[in-house]
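Student: What follows is the residue order along each chain.
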Amino acid sequence: MSQDAYDVVVIGGGPGGYVAAIRAAQLGMTVACVEKRGALGGTCLNVGCIPSKALLQSSHHFEEANHHFAEHGIKIKGVELDLAVMMARKQKVVSDNTKGIEFLFKKNKVAYLVGAGRIDGPGRVTVGERVLSAKSIIIATGSDVTPLPGVDIDEAQIVSSTGALDLPKVPKHLVVIGAGVIGLELGSVWRRLGAQVTVVEFLDRALPLHDGEISKQMQRILERQGLAFKLSTKVTAAKNGKAGVTLTLEPAQGGKTEELKADVVLVAIGRRPHTDGLGAKEAGIAMDKRGFITVDSHFRTSVPGIYAIGDVIGGAMLAHKAEDEGVALAEQLAGQAGHVNYEAIPGVVYTWPEVANVGKTEEQLKADGVAYKVGKFPFTANGRARANGDMDGFVKILADARTDRLLGCHIIGPAAGDLIAEVVLGMEFSAAAEDIARTCHAHPALGEAVKEAALAVDGRPIHI
Amino acid sequence: MSTQIVVPVLGESVSEATVAKWFKQVGDVVAADEAIVELETDKVTIEVNAPSAGMLSDIAVPAGTSVGVGAVLGTIGGSISPSAAPPASQSKAEPPKPPSPAPVARASEVKEAAPSAKKLMAENNLQPAAVAGTGKDGRITKGDVLETLAQPAKPPSPAPAVRAPEPKAEDPREQRVRMTRLRKRIAERLKEAQNTAAMLTTFNEVDMTALNSLRNQYKDGFEKKHGVKLGFMSFFVKACVTGLKEWPAVNGEIDGDDLVYKNYYDIGVAVGTPNGLVVPVVRDADRISFAEVEKAIAAYGRKARDGKLTIEDMTGGTFTISNGGVYGSLMSTPILNPPQSAILGMHKTQMRPMVMPDGRIEARPMMYLAVSYDHRIIDGREAVSFLVRVKECIEDPQRILLDM
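These protein sequences, in sequence, are chains A and B. For the first sequence, the numbering used here assigns the number 1 to the initial residue and increments by one for each residue that follows. For the second sequence, the numbering used here assigns the number 1 to the initial residue and increments by one for each residue that follows.
Rather than coming from a laboratory, the hints here were simulated on the basis of the structure. All values reported here derive from a predicted model rather than from experimental measurement. Check each hint, because a few of them may be wrong.
Claimed, not checked - No more than 27 Å apart at the CA atoms, straight line, and that leaves these computed lysine-lysine pairs for DSSO-like:
#	chain 1	residue 1	chain 2	residue 2
1	A	K373	B	K229
2	B	K308	B	K229
3	A	K373	B	K119
4	B	K191	B	K136
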């Protein structure tokens with residue numbers, strides 16, 4: 001048994017873990033990062049954000065070629081899908097990126113250990129035969145797909161997001177269980193590639209955690225694109241057959257059941273913390289009822305010297321939230337004042353048009369009894385959107401009625417995920433809506449819609 | 001040639017002050033290092049001296065306004081008015097301008113305000129220094145400016161207050177005065193203590209007979225030798241140290257999820273001043289003599305009266321003693337001085353009939369004692385036992401000597 005001593009041992013090489021490792025190394029600590037997948041980048045890079053964006057981009061091109069080139073005066077005949085090439089391209093994007101992180105580890109002198117890390121007492125982590133000693137241990141083991149009772153995932157006919165990124169052929173009928181971010185993104189991919197897609201959601205709206213107006217508008221847009229929704233409906237059973245899966249559906253409040261046949265079923269009802277084989281329980285690390293590791297505001301677990309970040313501690317299960325926590329924790333370990341502002345974390349749904357949000361929804365503000373003003377601006381009135389031919393959606397800004405301070409922003413629209421950034425920056429600086437309105441925006445650009453929405457908070461947009 | 005008067009660094013964790021009073025008017029001639037303006041912070045008042053000799057040519061920030069560290073308070077013009085000095089020769093002999101890098105560096109700490117805030121301030125003739133910024137790193141937001149504008153008009157300056165009898169639109173039966181920074185800070189801290197701690201009070205009473213006779217016996221010799229009066233406070237400070245050593249939680253504090261026990265005994269002694277209560281700290285009270293405790297307290301008392309207490313004098317105490325007895329209080333429940341976890345309240349000594357162990361009734365000089373404590377860290381047993389130990393030490397001061 002070899003023994004290695006490090007200042008910091010990070011368990012998990014996803015966005016939280018690898019970023020924490022690099023930041024800690026930048027700050028002069030000796031760092032090892034343990035990852036069992038055999039590739040760095042975690043769920044996000046290997047079977048999440050990045051491969052799904054690769055497929056969303058490819059399928060978007062396919063959709064444009066099939067349906068929208070003509071309106072630009074481009075005629076093509078015989079557009080064909082080569083799914084194998086599309087998947088190979090996706091795989092290359094993934095492997096290039098994971099190698100990129102390995103390079104970053106070398107550059108920053110972070111030791112990369114392949115294997116399952118197990119906490120084996122205070123300051124001790126075992127990786128196979130190897131024993132590492134660490135002044136600080138960071139748990140960044142991420143999350144897993146939440147299973148649905150009665151619908152067992154076999155990654156062939158009944159798949160998780162991982163399987164849905166790797167289907168060998170386009171299904172005739174794909175049923176997506178869960179109208180959240182993952183369900184709508186992957187539903188969009190296969191719909192564009194030719195599948196009939198039905199989305200079944202237990203709650204009464206698509207994107208149930210988003211601002212209500214966004215949910216409603218987005219559902220309308222996706223239905224127009226060809227997605228079918230069955231809301232307030234639960235899936236109670238699944239029967240695998242030779243010709244596909246037969247699902248049993250039931251109204252959410254109970255009632256008459258019905259059957260729905262599918263070639264492939266995607267279970268996308270959420271993710272749960274991943275701590276299997278970590279030895280966390282044995283080490284005495286406290287977890288809540290749902291299995292999330294409990295931490296204080298400094299990411300300290302109940303055991304001194306052991307910290308946790310990212311999906312495994314709950315909150316928004318987003319790569320960038322985990323990254324920010326990784327940086328903040330590494331800086332704290334170096335004696336600095338690390339910081340994560342949970343009030344200003346953006347979220348993006350990469351459908352087309354995209355959906356992006358930051359801060360509070362109208363529903364939350366009403367529940368909190370906050371007096372607010374709304375400024376809205378549609379992309380139909382934005383010059384660049386019109387020129388592009390992408391006019392679906394709007395920008396909605398919520399600001400404090402008294403101080404004009406930005407409280408939230410919700411966008412449906414082309415490049416919404418990029419447009420939201422300026423509002424996040426504004427919120428980080430406690431900006432007023434007027435501050436965005438008084439900031440010069442290039443013309444013609446999609447960002448002008450953000451400025452106009454900020455003007456609309458004060459009831460004075462120029463272009464509508 | 002002119003020099004800017006800037007707000008100096010105010011001390012640890014203090015970033016803001018209020019201009020309390022200008023000693024000089026625009027046009028007044030000032031000597032280098034002469035006090036020209038007084039600033040009030042959360043904890044102390046500070047005099048700012050003239051960085052150079054010259055004429056006060058501009059007062060940028062009137063009294064009553066908040067200023068940040070590095071903000072420009074006013075300007076001293078280089079040329080002294082003819083009446084004050086012979087012209088040509090004096091201008092050459094003028095003291096050299098102090099090196100400017102320091103003020104410049106500080107000035108850069110004044111954060112850029114948000115564009116909406118800048119516009120509002122310009123329209124309302126408001127100086128950035130008059131607005132307390134709540135944005136990132138203290139930047140001024142639109143909300144901060146709106147808040148400042150919404151505040152009631154400036155507090156009446158002393159002059160109108162004196163002219164009160166004149167019929168005014170204001171109700172003459174009441175007077176509205178802006179809280180001083182010190183008063184505001186006291187208010188915040190006391191409320192914070194009440195909101196945070198699980199605070200309760202335990203009482204006891206102490207027979208001062210033994211202590212009185214000890215003092216009477218030694219006070220003249222003590223004063224002759226040490227140059228300071230032998231008061232009650234040194235005994236109470238020492239008695240508390242004895243109790244704190246025995247019950248460490250009383251000397252501890254809560255920091256987040258941690259309990260911090262301190263192996264040093266810095267005892268805060270509350271002192272009343274015309275502007276409010278301040279609590280200078282007697283350091284390492286366990287290691288210094290009675291005379292040194294008395295000297296420290298006497299020195300703090302003088303400094304408090306002159307408004308010369310520094311922030312350092314008042315930070316970092318581990319336990320506080322408050323003596324309401326000097327004002328005649330017979331019994332009270334003191335409020336904690338956060339982050340400390342306990343405070344001893346002393347009261348007025350009064351002759352009361354007491355039943356002696358043999359059943360006789362005697363008139364004895366009695367004082368009620370109160371300890372308020374944070375039940376989150378201190379158990380009732382610890383607080384009560386601590387107070388009993390203090391009582392025992394005062395009733396039998398030899399115990400202090402023997403540390404028992």
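Student: Check each numbered hint from earlier against the structure, then list the numbers of those it violates in ascending order.
Tutor: 1
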